[in-house]
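There are 2 protein chains.
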Amino acid sequence: MKKLKVAIMGLGTVGGGTYDVLTRNREVIKSGYGVDVEVVKILDKSPKRLADKGASEKLFAANIDEIVSDPDISVVVETMGGLEPAGSFIIKALESGKSVVTANKELLSKRLDELLSSADKGGSGLYIEASCVGGVPIIRTLTESMQANRVTELTGIINGTTNYILTKMSEEGDDYAYALGEAQKLGYAEFDPTADVEGFDAAYKLSILASLAFHTRIPLDKIYREGISKITSRDIAVGKSMGYELKLLAIGRQNSDGSVQARVHPAFVPASHPLASVRGSFNAVLLKGDFVDEIMLYGRGAGAHPTASAIVSDIVYCAGKDRPQKNDFGSKLANVSDDFPSEYYFSVSVLDRPGMLSVISGVLGSHGISISKMLQENADGHCAEVVILTHMTSERLFRAAVAELRDVDGVLSVGSEIRVIED
Amino acid sequence: MKKLKVAIMGLGTVGGGTYDVLTRNREVIKSGYGVDVEVVKILDKSPKRLADKGASEKLFAANIDEIVSDPDISVVVETMGGLEPAGSFIIKALESGKSVVTANKELLSKRLDELLSSADKGGSGLYIEASCVGGVPIIRTLTESMQANRVTELTGIINGTTNYILTKMSEEGDDYAYALGEAQKLGYAEFDPTADVEGFDAAYKLSILASLAFHTRIPLDKIYREGISKITSRDIAVGKSMGYELKLLAIGRQNSDGSVQARVHPAFVPASHPLASVRGSFNAVLLKGDFVDEIMLYGRGAGAHPTASAIVSDIVYCAGKDRPQKNDFGSKLANVSDDFPSEYYFSVSVLDRPGMLSVISGVLGSHGISISKMLQENADGHCAEVVILTHMTSERLFRAAVAELRDVDGVLSVGSEIRVIED
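If you read the sequences in order, they're chains W and G.
FYI, in our numbering the residues of the first sequence are 13 to 435.
FYI, in our numbering the residues of the second sequence are 13 to 435.
Mixed in with the good hints, there may be bad ones.
Identical copies go unnamed one by one, so any copy, or any two together, can satisfy a pair.
Said to hold, decoys possible - Mimicking DSS-like on lysine-lysine, the simulated pairs with C-alpha atoms at most 25 angstroms apart in a straight line are: (1) K104 to K17; (2) K385 to K252; (3) K65 to K17; (4) K300 to K60; (5) K385 to K14; (6) K42 to K17; (7) K133 to K338; (8) K242 to K42; (9) K60 to K70; (10) K197 to K333; (11) K300 to K42; (12) K338 to K197; (13) K42 to K385; (14) K15 to K333; (15) K42 to K65; (16) K300 to K70; (17) K17 to K122.
Think of the hints as simulated: they come from the structure by calculation, not from any bench.
Please read these numbers as outputs of a predicted model, since none were measured by experiment.
Could you build all of it, start to finish, from the sequences and the hints given here?
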């Protein structure tokens, strides 16, 4: 029986969940995997937090040095979150030769090189399954199951908060503010929801996942990001009537010339798309590879216990290794294209007078954009609302066409610009 | 750069696909994972099969001894299928210290102990990702991602042939024989389709997957098995009108007393169930664990390239190991219960006379079975057809009630007994 002594840094939601798993399922892990994992130190602000969690206060560590100086500890779990002091603590642990298991997507996406070089320095392994999409085994799948493939696409619903909000808006017709309030009441959204609703959280994860999938580094600041705070329940209802569900997607694509696309934005997907039926706080990631074709992983993307499940899976995984894990992020910076082809949904308010539709389609046509569907609504003799679905076009052409449309005489406004992903 | 010399035994569909991956993506694997995999021997009936595949005839091996006696070969891929000679060849390779990667579910489910003991004897690893559900990384997920959990449930659509047939019957109203014929034309079904349509193939996989999930051995002959050949398009249409899709499910459950259920049978699932939308030849497996909650993996369960993707993933995975893989099948024989709770759908033909419904519900009630839905159809003054959905009951009680119903005066026949899985 292999024995493993572990320290946990940060006994909050996920750290507490990890403590739960390691105490409640210690025997399950021993009998199933032959590893006896023991929590021997917990770093937190005060011993009281340990007592609240039912952990012995003897485990309390007041500072990082108590952990890195303990030669018995081989794995350090970081569940503090945020950039500092989590970053310095992880670096100390790695450089002192300890394996680190972390759920810290923000830190990984912002300071990956620094962490990897500390791991190299200490000859240590850095284990990150819990950093992306909670209990869904997406990191393990990318590193241990896709080796035969050139991965061409990774598309995911990787933020539970926004998927919960969009599901409520779609299924119950709630408006954005109300659905956000409900998510906050249930603890799915923070008091300041910016990181989730504006797509930052999804971008952190996409930076990690797409770098692993394509073996080329995709820095956070190269990821196009657009959140859901401007989405209206009307957009969702109109899209639904046309056979689409609205989702906040994180999309990585490897183009045939080796350049990549990396973007987080709301998108309409057909109701028959595998991601369309991912509801509520569930997450899913769709991968395409040249030999495996299409695979999808689905599950709980957040929450104390699913995330702790991923952390503990990393602890046991690391116990089985004679050499530290190398993650195949690639070393070269990706060539991230800032234009990408898409179909678009958008609406135009116009004065209700003859010939407006022809003017609009003329402007689009002059930018090489053709229309796949057009729907005119609410014409009342004064104003009319036109909803348009385009065929595939580029970001740049679409922006140029919209800018020109805004100046057309009789056009009152252009809005609700939402991309459409057909497959 | 780690170099790995590999032999392939059997250059059929999957073996040929493996050769494709290893030649076409050799550079992708080198640059992404630092492993250079070279095919140095191919065992097949004649060198002509190699030539047909574009492989050099110099690679031809006429017998297993040419492979096991070659000290340069560290990994042997078995893609011959069937019990013999595949079994003896694998045993020779394992006992001579070579890692074996196999897609052979039938062999694994029938002779697992023998293979594991040969691996022990040779100090070799046995890698089986390709044996179950093609390109879907279900083995890796069970062995490397669920360690934190007591897995309580594994439910899957793990046979592509039957899912293709049932999808055709559901979406196009085809009858069973026609849909089977279409599947045969497309190469999804064999000339003799028994292994697929009667659930043998799914039972092989369930024996492997459930043993890994629950760490307790579930032999093939303990798995309850029922195929789809008696399903009618009318059953599917009536179920659909009640909000259900019909799927051939493989189900493993761990009861709280430690006993397990293991069964393959058609079942109605609600249209909102994650497995209901798995269409055509796609496969999916749903897992439940006490901490991770619910996860689902979805993808191509068969086919040359998806299966080859799994094989090559095992080759690269094995290259990263200093010690041979131990699969956590558990050593104890499972206590497999031969009764399991279920809801049922069934139909009763009765003489169209007053009081029949009350007699039927009386018989069910006397066995402790209550009715959740009842639908009477086609009453024509002579006969009527009654479709019944029960609440949860046991296999034994249901069989006893059906036997008694058949003897009731006025009951012409009882048929279409199909289980219902609500979640």
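If the cutoff is 25 angstroms on CA atoms, where do K197 and K333 land: within, between, both or neither? Let me know, please.
neither (42 angstroms within a copy, 47 angstroms between copies)
Can you give me the call for K242 and K42, within, between, both or neither, at a CA distance of at most 25 angstroms?
Neither. Shortest intra-copy (50 angstroms) and inter-copy (45 angstroms) distances fail the 25 angstroms Cα cut-off.
Treating 25 angstroms as the Cα threshold, decide for K42 and K385: within, between, both or neither.
neither (59 angstroms within a copy, 46 angstroms between copies)
With 25 angstroms as the alpha-carbon cut-off, assign the pair K104 and K17 to within, between, both or neither.
Classified as within: same-chain Cα gap 17 angstroms, cross-chain 40 angstroms, threshold 25 angstroms.
If the cutoff is 25 angstroms on CA atoms, where do K133 and K338 land: within, between, both or neither? Let me know, please.
Classified as within; 13 angstroms inside a copy, 31 angstroms across copies.
Is it within a copy, between copies, both, or neither that the alpha carbon of K300 lies no farther than 25 angstroms from that of K70?
neither (49 angstroms within a copy, 35 angstroms between copies)
As a check of your reading, is K300 near K42 (CA-CA no more than 25 angstroms) within one copy, between copies, both or neither?
between (36 angstroms within a copy, 20 angstroms between copies)
With 25 angstroms as the alpha-carbon cut-off, assign the pair K300 and K60 to within, between, both or neither.
neither (48 angstroms within a copy, 34 angstroms between copies)
Please work out whether the CA atoms of K17 and K122 approach to 25 angstroms or closer within one copy, between two copies, in both situations, or in neither?
neither (29 angstroms within a copy, 39 angstroms between copies)
When Cα atoms must be at most 25 angstroms apart, do K385 and K252 count as within-copy, between-copy, both, or neither?
Within one copy only: 14 angstroms inside a chain, 31 angstroms across chains, cut-off 25 angstroms.
With identical chains treated as interchangeable, where does the CA-CA distance between K15 and K333 reach 25 angstroms or less: within a copy, between copies, both, or neither?
Answer is both: 13 angstroms inside a copy and 20 angstroms across each meet the 25 angstroms cutoff.
Taking 25 angstroms as the upper bound on the Cα-Cα distance, should K385 and K14 be classified as within, between, both, or neither?
neither (63 angstroms within a copy, 54 angstroms between copies)
Violated hints for the displayed structure, listed by number in ascending order: 4, 5, 8, 10, 12, 13, 16, 17.
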